[in-house]
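Residue numbers (the UniProt record's numbering), protein chains in the order written: chain A, 1 to 336; chain B, 1 to 336.
Check each hint, because a few of them may be wrong.
If we take Cβ atoms under 10 Å as the criterion, some of the chain B residues that face chain A in the derived model are [claimed, not checked]: (1) Gln109; (2) Gly161; (3) Leu170; (4) Cys171; (5) Leu273.
Derived by calculation from the structure, the hints in this document are not laboratory data.
Note that the coordinates shown come from a computational prediction; the quantities given were computed from them, not determined experimentally.
From the three backbone atoms N, C-alpha and C, an ideal C-beta is built for every residue, glycine too.
Protein chains: 2
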Amino acid sequence: MSAIAIAGSRFIIVGGASLVGSATAAELLDAGAREVVLFDNFSLGSDAAIAHLKDHPRLRLVRGDVLRMPDLLDAMRGMDGALLLAAYMTLNMDRDAWGGLDVNIRGVQQALEAARATGVKKVVFASSNAVYGYGPGVKGDLVEETPFFSAGAPPAAILYGASKIIGEQLCRHYKRKHGLDYVVLRYSTVYGERQHYRAANALYIIETYDKVKRGERPQVFGDGSETKHFVYVGDLARANRMAFESAATDVAVNTSGPRPMTTLELVRMVTKLAGGGVEPDFVGEEPGKVRLTSGGAFRIAHEEAERVIGWKPQVEMEEGLARLIAWKEGNEGRGQ
Amino acid sequence: MSAIAIAGSRFIIVGGASLVGSATAAELLDAGAREVVLFDNFSLGSDAAIAHLKDHPRLRLVRGDVLRMPDLLDAMRGMDGALLLAAYMTLNMDRDAWGGLDVNIRGVQQALEAARATGVKKVVFASSNAVYGYGPGVKGDLVEETPFFSAGAPPAAILYGASKIIGEQLCRHYKRKHGLDYVVLRYSTVYGERQHYRAANALYIIETYDKVKRGERPQVFGDGSETKHFVYVGDLARANRMAFESAATDVAVNTSGPRPMTTLELVRMVTKLAGGGVEPDFVGEEPGKVRLTSGGAFRIAHEEAERVIGWKPQVEMEEGLARLIAWKEGNEGRGQ
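Let the sequences and hints guide you as you build the complete structure.
Written as structure tokens, this is what we have:
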């Protein structure tokens, strides 16, 4: 039986001091979780991401490392569910491929092994739409069977996508070999309150907003027709909860926002929220940057997630961006 | 300058006590290499694979492990070229995913780092047509830009393919970050003298031959229309040599045999070589086995290899199988 009632259960969030980790912790605590453990080594995670939660009586913070098996074994003992978030994304993978492969592959191996050894009932693994890859092949509806396109993409982006493919398959492997139940959620690009500055696409929102606030014109690379398909962090927190609650196991589904948009639409939306009044500046390709986006128009289909765990996204981009910006404005005065 | 004249140069073959390793060592020695080092931990490699070479005056055997950085650094010092063969294939990946990811990912990281640190001029990395994946998506001409299909494939097969994708990208990463020249060769299924028993597809040749020799009917799974695209080991040894000799760098090409064939054609060919006289037994899907082959008809295109390193396959399957079987018959009496 792989369904976990949230109320009265204990959860560990590996890589918990993060955007998705803190939102999911709040979601699980609100649903009556007996305990939520945020496990993080704070190399990428931050105190700021969890400042609003850290005095919660049912939340426990554990400083630990996914590369240290004793840390994982100690922290997972007694847990009902484990959410595996700890990962390098592409920008960090480019800077430090060794560290990224360690965390994204060895870290997942160890977390799954620790979950198995300590009797965790269900794992939710945070995968990514990066498993569909990059470049002109990525177009139309991206469904769960879409292959991984990589021709011409930067090494770090392919390493990231392939590391997520491996993480997913390690989950399947542990299910087959050891019966460990799991759900893989393929997150699209996450944004929302407590946004960090490590993800190229989400960073673009913040950079655009800051430019407009300074009275500068925001930059659009290429002709602005490139697709972005974000998902609001609160929607993902709900998806994580529902993945634990549902009886589903041994399955991978996309969790994307209500709809994709073009870069130009996104920039216009952020410009409006920042006060408007400026037109975007269409520039060429950004030199020397790791490019992460596809040339084609695509949509990350999330219908399968509704069928499998009953989830669909609720927060439209306008609303989610407004929340992100309200949080950003509210926090800057506090020096975070 | 990434072209290496074989005559007078020194080469290390990591994972050298193997089918491809021993054939490539002979190829390089015949071309006048000053020294060839076979580096192997003998966990998968075997003395039998290199018995015919081991007294060669310009060959040196080093017992070492790709997971031990000091072993690699010691062995690579002074080498001009490094051929990276050490890998688990799918059957071993299924038995021991941890070991497989260690060797296929960490092992490649370490070998590349050791090559960089010791000033190796060029690396040839043995990748695989497994980077195109499995299942019904794999059809038609598989060219170097073909994506990775994995829906429905067994975890171990996907782990293997994804580990090869990562190995290739690590080569690209080391080229970009450190200028280390490399050529990736995507081998199709290798067969030939000194055939080992670890690769599912090549194993099928041996099993079929042995059945017919015992007077039994060879088994064909499904309707026999599944594609196989093998490459003869001597052709691959030549491809490895030519990859070192060519000025090509920062590129990945397919190295497959002259043409694909169906399983039924293969079985008829092996049956004939074994003395013939029996008809294949068409059975259903093989229960409980890791399935590695595609449902569709495909051809692994090798035209790019000719353009890039001047290589094309020379040995037709009939000829290569005859050599494999002559070797097998000649060796069984010697207890190898």
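Each hint tested on the structure:
1. Gln109: holds (6 Å)
2. Gly161: Since chain A brings a Cβ to about 9 Å from B:Gly161, closer than 10 Å, the hint holds.
3. Leu170: holds (7 Å)
4. Cys171: Hint holds; B:Cys171 Cβ to chain A Cβ min 9 Å, cut 10 Å.
5. Leu273: Because about 37 Å separates B:Leu273 from the closest Cβ in chain A, which is outside the 10 Å limit, the hint is violated.
Of the hints listed earlier, the one the structure fails to meet is number 5.
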